[in-house]
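Same order as they appear, the protein sequences are chains A and B. Numbering-wise, the first sequence is residues 1 to 408 according to our numbering. Numbering-wise, the second sequence is residues 1 to 274 according to our numbering.
Hints in this document: simulated from the structure, not taken from any laboratory. Among these hints, one or two may not hold up.
As the list claims (entries may be wrong) - With a straight-line Cα cutoff of 35 Å, these simulated DSBU-like cross-link-like pairs (lysine-lysine) come out:
id: 1; chain 1: B; residue 1: Lys251; chain 2: A; residue 2: Lys214
id: 2; chain 1: A; residue 1: Lys357; chain 2: A; residue 2: Lys174
id: 3; chain 1: B; residue 1: Lys251; chain 2: A; residue 2: Lys352
Unchecked claim - Residues of chain A clear of chain B, computed beta-carbon distances all greater than 12 Å:
id: 4; residue: His187
id: 5; residue: Lys214
id: 6; residue: Asp218
id: 7; residue: Ala229
id: 8; residue: His257
id: 9; residue: Ala275
id: 10; residue: Ala345
Stated by the list, open to error - Distance windows between CB atoms, simulated:
id: 11; chain 1: B; residue 1: Ser7; chain 2: A; residue 2: Pro39; range: 44 to 50 Å
id: 12; chain 1: A; residue 1: His257; chain 2: B; residue 2: Glu244; range: 45 to 51 Å
id: 13; chain 1: A; residue 1: His257; chain 2: B; residue 2: Gly225; range: 47 to 53 Å
Think of the CB as a built atom: it goes at the ideal place given N, C-alpha and C, for glycine as much as any other residue.
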Amino acid sequence: MAAPVNSVGKPSPERLPLNTTSFQKKTRSKLISIPGTRPSVQNGQLLVSTGVTSLDYLLGGGLAVGTVLLVEEDRYDSYSRMILKYFLSEGVVCRHELFVATAQDDPDDILQELPAPILDDVAIHKPLEQPLLSCEPSNSLDAMKIAWRYQNLPKVQSALASSSRFGHYYDVSKTMEPEIRQAAKCHRFYLPEHPTLSSPTHSPVLESYSALLKSLQDIIHKEGFDVAAPMSRPRNILRIGLHSLGSALWGDDLTCHDNPAHRHALTTFLYGLRALLRSSLAVAVVTVSSHLIQDRALMGSITRLCDNAIALESFKGSERETNPLYKDYHGLLHVRQVPHLNCLASQLPDHKDLAFKLKRKQFTIERLHLPPDLSETVSRVSRGEQAGAAAVASACGSGTSGNKHLDF
Amino acid sequence: MYVELNSILNSTPDTFTQGEFILVSDRRSDASFLIHHFLSFYLRARCRVCFLGLVQSFSHYSAVSQRLGVSLTQAKEKGQLIFFEGLKESLSVLVPRDANGASPAINFLRDPSVGLRSLYEFVRSSLSSFNSREKAADGAEEWGPPVLLVDDLSVLLSLGVSVGAALDFSHYCSATVCSQLQGNMVMLVRCDGEEEEEDEGSDRLLKGLTHQCSLSLHVEGLPTGYCRDIHGQVEVCWRKRRGEGLHTQKKLFQYKVHDKGASFFARGTSSTVL
Chain A
1 MAAPVNSVGK PSPERLPLNT TSFQKKTRSK LISIPGTRPS VQNGQLLVST GVTSLDYLLG
61 GGLAVGTVLL VEEDRYDSYS RMILKYFLSE GVVCRHELFV ATAQDDPDDI LQELPAPILD
121 DVAIHKPLEQ PLLSCEPSNS LDAMKIAWRY QNLPKVQSAL ASSSRFGHYY DVSKTMEPEI
181 RQAAKCHRFY LPEHPTLSSP THSPVLESYS ALLKSLQDII HKEGFDVAAP MSRPRNILRI
241 GLHSLGSALW GDDLTCHDNP AHRHALTTFL YGLRALLRSS LAVAVVTVSS HLIQDRALMG
301 SITRLCDNAI ALESFKGSER ETNPLYKDYH GLLHVRQVPH LNCLASQLPD HKDLAFKLKR
361 KQFTIERLHL PPDLSETVSR VSRGEQAGAA AVASACGSGT SGNKHLDF
Chain B
1 MYVELNSILN STPDTFTQGE FILVSDRRSD ASFLIHHFLS FYLRARCRVC FLGLVQSFSH
61 YSAVSQRLGV SLTQAKEKGQ LIFFEGLKES LSVLVPRDAN GASPAINFLR DPSVGLRSLY
121 EFVRSSLSSF NSREKAADGA EEWGPPVLLV DDLSVLLSLG VSVGAALDFS HYCSATVCSQ
181 LQGNMVMLVR CDGEEEEEDE GSDRLLKGLT HQCSLSLHVE GLPTGYCRDI HGQVEVCWRK
241 RRGEGLHTQK KLFQYKVHDK GASFFARGTS STVL
């Protein structure tokens, strides 16, 4: 068997030009490849990240392009606003285009508060470096002797430009640098700047909402986000953030009255939004202050007209804040709806008790579980007499030794 | 098309009762998998189908039907299926770009108080035009009785249509499709909230339609809460007129939706429990 080895050894240098490994990256011949997107494992739907990695996981990998995510605001709109900002920053980092519509604050205020991305390996504002990583001829000086199969691979593989990665981490304690932010193309819609002409039509849509729909449609047509548009220029994703829809500032009275006059304004708008998004490369996050809407049935039909729906329930100002059960968390997260798109079975989350917390730098969603009780008086064994003994011990104070559970 | 459901309902694509009004409803759950069942069922039964898809795009229904082994695009080309895509039509009303172009069927969106007359006209003309065309051209393929499918009726309430108008619409449709043309009709209604809350739109709609229908399938989440392996329960209720009185029969099943179908089983006999 020695001879074949010898004979094989000779032709091998010619036979190993560049493709030294037999492992080929499986590439789908997908018609659309846009940075910051990936096809879903279940149904091949194109997904984008929400910016919060744990939320992506909950929604079955990410937000499908062409769908709407409804975020029911928490009482002070602090965490829902954060999710919106995460969503927009992810768009900035992936170089998607943004569309921000607000009625309360200026859209620029939200854009200025975007969290800073943690880019450990790459500098985002140098996208021209990308061609470098294609295949650098390895230096002959450090030719590999043992792991020689790797020597033809590109040098710094981690430099795969982060803008094409799916999902990033952000530091909420810092804001994004202005030059990164301004690199992204952003359309803004600030309601007070749009003089609404009050025409006495019978249409159930409010003027503010139809102005918003109109401006969205204009952008989708003009900037080529239409799926039906010719594939002349490289495609991109439009990320739409709509803040606090249904509030009185939008001219809506859902939150003011038990029996609102414009009962169907928001639902009709959401229907139009769905119609618009289904035929375009766009994805939207809508926040609604649901705790102000008295009518649960109305909230149900709003939820059904969005594809994904989550609700945030913050502990701030509620008595749960001081409950020891919840001491590790800032609020509860309810998944109200997951999309049924192009498939029969939806991706239900395997766990329904979810909580979110805001760490020093990061917003995460976790499973809700009891915190470990580290106090000495805790009863580890559920047997009655043991628990009773522990209770006695705690009543007498910690001075009594011998009753500790660590004693043998 | 789910075989297990067919055996529960005692129907196959070759033999099914004509003139039936089937009501599919849900609460705290999603019954749209049943709409996909009936769509593929009637297409296989070689019926002429008019589908009012108000909540999803055509590509969604087409992709799901593909998994169930039916091609909607082919059915459309053959003239077997008339598909009304509510989302697409609504855009021309909500964000008007051209002066005309909106289908008159979507007129209710412009002014909900006029009711659903134009939508009914659309249904009637598309299902009876089938008839005349078949008689005109004998060489064309012959299709069975006409079928109307609506997904879903309660979204019309969100768009401002009153409950009365929606009930009128369903009554007119059942008179035309079920009685006159001896076809079938399937409507989906989605309710939200608890049952206790009374005078609420979708609940009133559900009550009215339950009164009109001849077979109802009501899907609910499990009363004991969310479960990974049992997605909910479906109550099948037959209402038959026999002589004087109204004879009703009820059966309750639990179900699980799979990738390419759904399985139905008696309560407590899920394979994960046993």
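Separation of alanine 275 of chain A from chain B, once the least beta-carbon distance is taken, above 12 Å: violated (4 Å)
Agreement of lysine 357 of chain A and lysine 174 of chain A with the hint, judged by alpha carbon distance not exceeding 35 Å: holds (18 Å)
Status of the given 44 to 50 Å range, CB of proline 39 of chain A versus CB of serine 7 of chain B: Once the Cβ atoms are compared, 37 Å apart, the range 44 to 50 Å for proline 39 of chain A and serine 7 of chain B is violated.
Satisfaction of the hinted span 45 to 51 Å by the C-beta atoms belonging to histidine 257 of chain A and glutamate 244 of chain B: holds (49 Å)
Pair hint outcome, lysine 251 of chain B versus lysine 214 of chain A [Cα-Cα no greater than 35 Å]: violated (49 Å)
Beyond 12 Å from each Cβ of chain B, as asserted for lysine 214 of chain A: Its Cβ does come within 12 Å of chain B, the nearest being 5 Å, so this is violated.
Interface-negative label, alanine 229 of chain A against chain B, beta-carbon threshold 12 Å: holds (15 Å)
Distance restraint evaluation - histidine 257 of chain A, glycine 225 of chain B, Cβ atoms, bounds 47 to 53 Å: Since the Cβ atoms of histidine 257 of chain A and glycine 225 of chain B sit about 34 Å apart, the hinted range of 47 to 53 Å is violated.
Consistency of the no-contact label for alanine 345 of chain A, given chain B and a CB cut of 12 Å: At roughly 5 Å from the nearest Cβ of chain B, alanine 345 of chain A sits no farther out than 12 Å, so the non-interface label is violated.
Nearest-CB test (12 Å) between chain B and aspartate 218 of chain A: violated (9 Å)
Histidine 187 of chain A remote from chain B - nearest C-beta pair above 12 Å: Histidine 187 of chain A clear of chain B: closest Cβ-Cβ about 16 Å, beyond 12 Å.
Given hint lysine 352 of chain A paired with lysine 251 of chain B - CA-CA distance at most 35 Å: Roughly 30 Å separates the two Cα atoms, so the pair holds.
The structure does not agree with the numbered hints 1, 5, 6, 9, 10, 11, 13 stated previously, though it agrees with the rest.
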